[in-house]
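Engineer: Residue numbers (our numbering), protein chains in the order written: chain W, 670 to 789; chain G, 67 to 451.
Where hints are given, some of them may not hold.
As the list claims (entries may be wrong) - Computed footprint of chain G on chain W; a stretch qualifies when at least three of its residues, placed anywhere within it, have a C-beta under 8 Å from a C-beta of chain G:
#	stretch
1	700-711
2	717-731
To be verified - Just some of the chain G residues that point at chain W, by a computed CB distance under 10 Å:
#	residue
3	Ala-168
4	Val-173
5	His-177
6	Arg-247
7	Gly-266
Since the hints were made in silico from the structure, they are not lab data. What you are looking at is a predicted structure, and each value in this text was computed from that prediction instead of being measured. From the three backbone atoms N, C-alpha and C, an ideal C-beta is built for every residue, glycine too.
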Amino acid sequence: MDRVTLLSLAAFIAPVALAAQARPTVPHDSVRGAIRVVDVRARTLEVTTGVGFALRVVRLQVPAGVPITNQQRGQHEPIRLAELKPGDVVRASFGARPTGFVAYTIERVGRMDAGVHSTP
Amino acid sequence: MTRWWIALMAICVAAACRRLQPGDPVRGLSAAERAQFDSGRAVFDSVFTPEKGLGPLFNANGCKECHEDPAAGGTGDEVERHATAFHANAPPGSRMCDELAAQGGFVFQNHVTPLLHAALGIDSEPIPSAATAVGRRTTPEIFGFGLLDAVPDSEILAYADPDDRDHDGISGRPNRFFDGRLGRFGRKALVPTLREFNDGAFSAEIGITTPAVPTEETVAGTPIPPGTDPAPDPELSDHQAELATTFVRLLAPPEPLQMSREARQGRDVFIRVGCARCHRPVLTTGDSPIEALRYKKVAAYTDLLLHDMGPNLGDICLALATPTEFRTEPLMGLHLKKQFLHDGRASTAEQAVEMHGGEATKARDLFRALPAGDRAALLAFLKTL
């Protein structure tokens, strides 16, 4: 399996998990994309991701206590949910719950307009 | 015996020197690569039915339905709809472009399968009222795209001048995918790699799921009704998707036609009036596992960057691209084209030049002011590409 396929799979685990929502198990998946909406009060994030022209939006609940970090020069500095902005590129791990996807970790890796050099 | 050998050699030389035809692979492939190209063509030529996974939302029933003229990988007469919402006055820190991905965007399919029609009573995917623009998109020729895929990011970024620091009025800037990687494919340079361009197309254009895109498109954001997509997912294996991409990757760019003296003069005019500031005549590929694509000069006539083309051409936004920004269209294969610009509104290259605006205004005006001979020479040059 080549790297692109792996990247694509990583980006698209979310919809697979959606299909598996009814299962009793809690898969641990990840997504990388640009923040579309941050709702601090509801503690939710929407992340735009996809492959080519096939775009998807992954909605994540972000319970208090979920580690949110900013990756800068190899360091992971803790930040608050309110510091995330639309257009931030994030990598999030999450699991499927009956109420939807719940974030386990969120890492800001850059901004869309500035580019991100690290591999997804 | 010697005569036979000479005849055989002549045949071999003639075969090697034969002009590449549209749809041919690049020269220099190994036997294994050639076999993959042929296998990939079979996937590319496949016609999908609902039972084989077509739809339930789709623009075409296979790659070749659109990419058919003059050969597999060429263009077609289909026009599809892209729609997004652009908020020019979005507050700082928010995105101006909403690709309407949560509402089924940005590709809104023109057709539905009978089962989806029966379930929802629709003939095409509805465009949400939130859209601020709908863009029409013609089918691009994809000859030579494997070479464009092999151009290093560093070469593209080297041409970027987002703040126009050299004050030439040209400020190409990169578009980026949602994960921050540099984009290059698509009229707005959204997609970073050829594989993703193709995998995304299987989903967005044909409604075919793959391991890379395992879920169907939604109907304006709502999952498709149960029972409307009988084929099990993924509807195409990773191997088949990879073969289709290999076919596209190895398609040779169309060979330019032989230049007359007038066309050679036109090449100089092309550079003199400033066309080449965006339509960069040559890009160079980087390292590639395929020798035939490795460190090659490509007469692409593009910088793969976004440029403001003025309000008359503007339509949708996409990622970082504003409505008026478009990627410089590659001019390789221009002699094969029958319609021009992203939506096919121009029926000749001359009309297309006349419709350039924005950053291209100065070059367009210089074109308009050319003496008749120079103007004819430039157009003669374009017809050889």
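Engineer: Hint by hint, note whether the structure agrees.
Structural biologist: Results for each hint:
1. 700-711: holds (count 4)
2. 717-731: holds (count 10)
3. Ala-168: Because about 4 Å separates Ala-168/G from the closest Cβ in chain W, which is inside the 10 Å limit, the hint holds.
4. Val-173: Cβ of Val-173/G sits 5 Å from chain W, so the hint holds.
5. His-177: Because about 16 Å separates His-177/G from the closest Cβ in chain W, which is outside the 10 Å limit, the hint is violated.
6. Arg-247: holds (7 Å)
7. Gly-266: Gly-266/G check passes; min Cβ-Cβ to chain W is 2 Å, inside 10 Å.
Checked against the numbered hints above, the structure violates only hint 5.
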